[in-house]
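S.K.: Respectively, the protein sequence lines represent chains A and B.
Under the numbering used here, the first residue of the first sequence is numbered 6, with each subsequent residue one higher.
Under the numbering used here, the first residue of the second sequence is numbered 4, with each subsequent residue one higher.
Hints in this document: simulated from the structure, not taken from any laboratory.
Just so we're clear, the structure is a prediction, and the values are computed from it rather than from any experiment.
Beta carbons are placed, not taken as given, at the ideal position from N, Cα and C, and that holds for glycine.
Misleading hints may appear alongside valid ones.
As the list claims (entries may be wrong) - Using C-beta positions, here's what the derived DEER-type ranges look like:
#1 His53/B / Pro209/A: 55 to 65 Å
#2 Gln57/B / Ser67/A: 28 to 38 Å
#3 Tyr30/B / Thr82/A: 41 to 51 Å
#4 Ala171/A / Trp26/B: 52 to 62 Å
#5 Ala308/A / Trp26/B: 55 to 65 Å
To be verified - On the chain A side, residues computed to face chain B include the following (Cβ under 10 Å):
#6 Gly53
#7 Asn56
#8 Asp81
#9 Ile192
#10 Leu197
#11 Arg249
#12 Ile270
#13 Lys316
#14 Asn323
Residues per chain, in single letters:
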Amino acid sequence: MVPGAVVVVTKLSRLLLVLGFLIATISGNAAVLPFERADVLYHSYTGGGININGPAILVRKSIGDSVSVSAKHYVDTISSASIDIEVILGASTYEEERVENAFTFDYLNEKTLMSFGYTNSEENDFLADTFSFGISQDMFGDLTTVSMGYAHGSNTVGKTGAPAFAETSQSDNFNLSLAQVLTKDLIMSAALDVTTDAGFLNNPYRKVRYIDTPTTFLLENEVYPKTRTSTAIAMRARYFLPYRAALHAEYRLFQDSWDIKGNNIELGYTHPFMDDWVAEAHFRTYAQTKASFYNDLFPYSNAQNFLARDKELSTFNNNTIGFGISYEFAKGEGGFIDKASVNFKFDHIQFNYKDFRDATQTSFTPGTEPLYKFSANVMQLFLSVWF
Amino acid sequence: MLHKITLSLLILLSLSACSLEPWVKPYERANLADPIMSFSQDPLSQGYIHHVYQAREGARGAEGGSGGGCGCN
Numbered sequence: 006m007v008p009g010a011v012v013v014v015t016k017l018s019r020l021l022l023v024l025g026f027l028i029a030t031i032s033g034n035a036a037v038l039p040f041e042r043a044d045v046l047y048h049s050y051t052g053g054g055i056n057i058n059g060p061a062i063l064v065r066k067s068i069g070d071s072v073s074v075s076a077k078h079y080v081d082t083i084s085s086a087s088i089d090i091e092v093i094l095g096a097s098t099y100e101e102e103r104v105e106n107a108f109t110f111d112y113l114n115e116k117t118l119m120s121f122g123y124t125n126s127e128e129n130d131f132l133a134d135t136f137s138f139g140i141s142q143d144m145f146g147d148l149t150t151v152s153m154g155y156a157h158g159s160n161t162v163g164k165t166g167a168p169a170f171a172e173t174s175q176s177d178n179f180n181l182s183l184a185q186v187l188t189k190d191l192i193m194s195a196a197l198d199v200t201t202d203a204g205f206l207n208n209p210y211r212k213v214r215y216i217d218t219p220t221t222f223l224l225e226n227e228v229y230p231k232t233r234t235s236t237a238i239a240m241r242a243r244y245f246l247p248y249r250a251a252l253h254a255e256y257r258l259f260q261d262s263w264d265i266k267g268n269n270i271e272l273g274y275t276h277p278f279m280d281d282w283v284a285e286a287h288f289r290t291y292a293q294t295k296a297s298f299y300n301d302l303f304p305y306s307n308a309q310n311f312l313a314r315d316k317e318l319s320t321f322n323n324n325t326i327g328f329g330i331s332y333e334f335a336k337g338e339g340g341f342i343d344k345a346s347v348n349f350k351f352d353h354i355q356f357n358y359k360d361f362r363d364a365t366q367t368s369f370t371p372g373t374e375p376l377y378k379f380s381a382n383v384m385q386l387f388l389s390v391w392f
Numbered sequence: 004m005l006h007k008i009t010l011s012l013l014i015l016l017s018l019s020a021c022s023l024e025p026w027v028k029p030y031e032r033a034n035l036a037d038p039i040m041s042f043s044q045d046p047l048s049q050g051y052i053h054h055v056y057q058a059r060e061g062a063r064g065a066e067g068g069s070g071g072g073c074g075c076n
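Extracted from the complex, chain B is given alone in its bound form (with noise of 0.2 Å):
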């Protein structure tokens, strides 16, 4: 089942990019550049809260914050 969805994510995400020009323009990305929008915001603090849940949850990665993404740079 989780592999179903995945795939399925992955290729409607995949296809999504492919099929299309690139409808934001570089001069509408201010807001995506704030840094309030960054997944990684603070990497350490980010890793340290990861390592307090992986250490007392059965469940573990796709924890996320490897930053990039908002193609604002």
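Only chain A is shown next, with the shape it has when bound in the complex (with noise of 0.2 Å):
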């Protein structure tokens, strides 16, 4: 073999290889439609000055016994007076609503099924649109699920206040999942993504701060480079307890090339009890590095070609904890309806931030702020309905 010959074989030549490898393999049982059903959601998150909360519904019917339609109808309204709002424009509040639909169309065609999806997202500054292609089949006795997809988004960025302000960016995504039973009581899933991202990717709103005198800063626009491409992986397990009840258990690991690199860790107990109700808790952590190009405080103005302060950016990590309870009624009593379910669930995170400062402090000297840490409350109503 000439010696350079395996470095040749790129990563996306590799990812390919495997691609190719697994349709290859894919042979067996026909998959089967989703479940039909309706939810009717109310969501609320309360943290770091931001409220956003609002109204979901999703609606899943099947046609005959090969086609599956959705639609889904979201909306986020949200009253912002958060820390990043504050340091540009001191205490004020904006308010806004996103209103996000989607629709799938899933065609089962003898062994396969297809997937089909739109989204579209509206904000008064932030278009989306959403393009998805997906394809699933069982195998090996049913034992095995292999599922790739493909998505593709554009994105027209406007300013609040800046009529002449347009840009646009496109993402497409690549993603390969397998799911496996490995006993009776234990499955588990490989989930593999790829994203990259082109175009104008800032915060139009968000700037930077720098150091004017020694007592004092600036601020000025940030500049992200113009592509993004990030991979993540993941792997997941559930596991049926003897006396029903499930443990799940979820890893994954995250980087991109704008250095960040990323991991999360989520363990998992689902217990049902009285017939009717389940419970479940979870503990879920996360951790990442900074982007190569983010700073709390910056030398001076320009101080590089790409200039971030956003703390979504920056070296932190949050911890969550949470709840939820489920009630089951109108189970088998015949009709339209096969059951329902009224389900509350509650989440509570805390985020710590290791290198962005809370510069609305402003009695200390810039870059001696105390480090900026929140907690969130995230509350979920919702009752289901299968057909």
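These two chains come separately, so use the hints to put the complex back together.
M.R.: Put into structure tokens, the structure is as follows:
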């Protein structure tokens, strides 16, 4: 073998090799259509000076034996006086609404389930359209499910108060997952996700700060790279306990071309009781390193080609503790409804930033302010009906 | 590093699936078919929580929830 031949196998060709291998091994039994169900949900997020709430509705219906369609309507009503706003504009609040509508079409053709999707998301300063395609197949006696998909998104970015501001960005997403039954009580899955973005990737309102005098700082616009590529892999498992309860675990690893490296672990426990009730509790921890062009306080104006002070690109961790409870009713009573449930979920998330300082605390010399931290409460209340 | 781990995991999983007969018979899948064993019990709720994290973390993708895999239908 030529010594350099191995090097020629690029990352992309490795991925294609794996995809080809998996496709070649597909054989076996038919997939099935998703369940027919309807969900009506109210969601609420409160934390870091931000309140976001609104309704969401999802309806999925089969047409014959081979087609399933779904429609989703989702609303975020946002009221924000976050630290990002306060540093730039002073104490003020902005309000806006995001409306998302999504449609999917699933087609079962003998052994293959194909899915087509379209999502539209609209805010007063951001429009996003996404088209997706996926294919999924069970095989090896239904012990294995392989799924793969592609999605393309087109975004138009505006800026309130600046009618002439108009930017665009595009994203392409490739995903592959494999779910595997290991024992009669254990199922695992592995997922790979590669996403590339190109275009205007900044938040047009966010700014960086740099040292003006030893006791003051000034603000200037952020400058992001025009491209970003990220890879994420995840492993998940669910284990059935002998007394009818379930444990679940997840590990996800992430890295991107901006030098962010992240990972999260989640552990959870699901416990049915008294025939109609199901309780669930979970713990999740996440940590990431900063983007290469992130800095809380730059030494001077235009200190480098790319500039960012988004706390989402900083070094930080967060910990979530959450629980849920659901009550099932109208089970097996005949008629139009097979089953229904009412559900409540609550998550408490604590964010701890390692190199993002609270610049609203003006009594400190720039760069010596306390590190920022905040907690958020996330609540969901929803009704589900299977029919 | 990440790509090597990914490649190894995928090939291992694929090979394990190729080389073995189905070892969990259909009549042994009652536990797997229980709704508490589903990776995506509530798609709307799950999508919302993913959105909460995506908006506040640098990481994205491979959130799961696309379903499938229990082989119990």
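S.K.: Confirm or reject each hint.
M.R.: So, going through the hints one by one against the coordinates:
Checked against the given bound of 55 to 65 Å, the beta carbons of His53/B and Pro209/A, roughly 24 Å apart, lie outside it. Against the hinted window of 28 to 38 Å, the Cβ-Cβ separation of Gln57/B and Ser67/A comes to about 30 Å, which satisfies the hint. Remark: the range hint 41 to 51 Å for Tyr30/B to Thr82/A is upheld by a beta-carbon distance near 50 Å. Our hint of 52 to 62 Å for Ala171/A and Trp26/B holds, since their Cβ atoms are close to 58 Å apart.
Between Ala308/A and Trp26/B the C-beta distance comes to about 60 Å, which sits within the given range of 55 to 65 Å. Checking Gly53/A against chain B: minimum C-beta separation of about 9 Å stays under 10 Å; hint holds. Checking Asn56/A against chain B: minimum C-beta separation of about 13 Å lies over 10 Å; hint violated. Interface restraint check: Asp81/A against chain B, minimum CB-CB distance 9 Å, threshold 10 Å, status holds.
For Ile192/A, the interface hint holds, since its Cβ comes within 10 Å of a Cβ in chain B; the closest pair sits about 6 Å apart. Residue-level restraint check for Leu197/A holds (minimum Cβ-Cβ distance to chain B is 5 Å; threshold 10 Å). Here the hint on Arg249/A is kept, as its CB sits about 7 Å from the closest CB of chain B, short of 10 Å. Below 10 Å, beta-carbon pairs count as interface contacts, and Ile270/A has none with chain B, the closest being about 13 Å; its hint is therefore violated.
Satisfaction of the interface hint for Lys316/A is found here, the shortest Cβ-Cβ separation to chain B being roughly 9 Å, below the 10 Å cut-off. Given the 10 Å rule on beta carbons, the hint for Asn323/A holds: about 7 Å separates it from the nearest Cβ of chain B.
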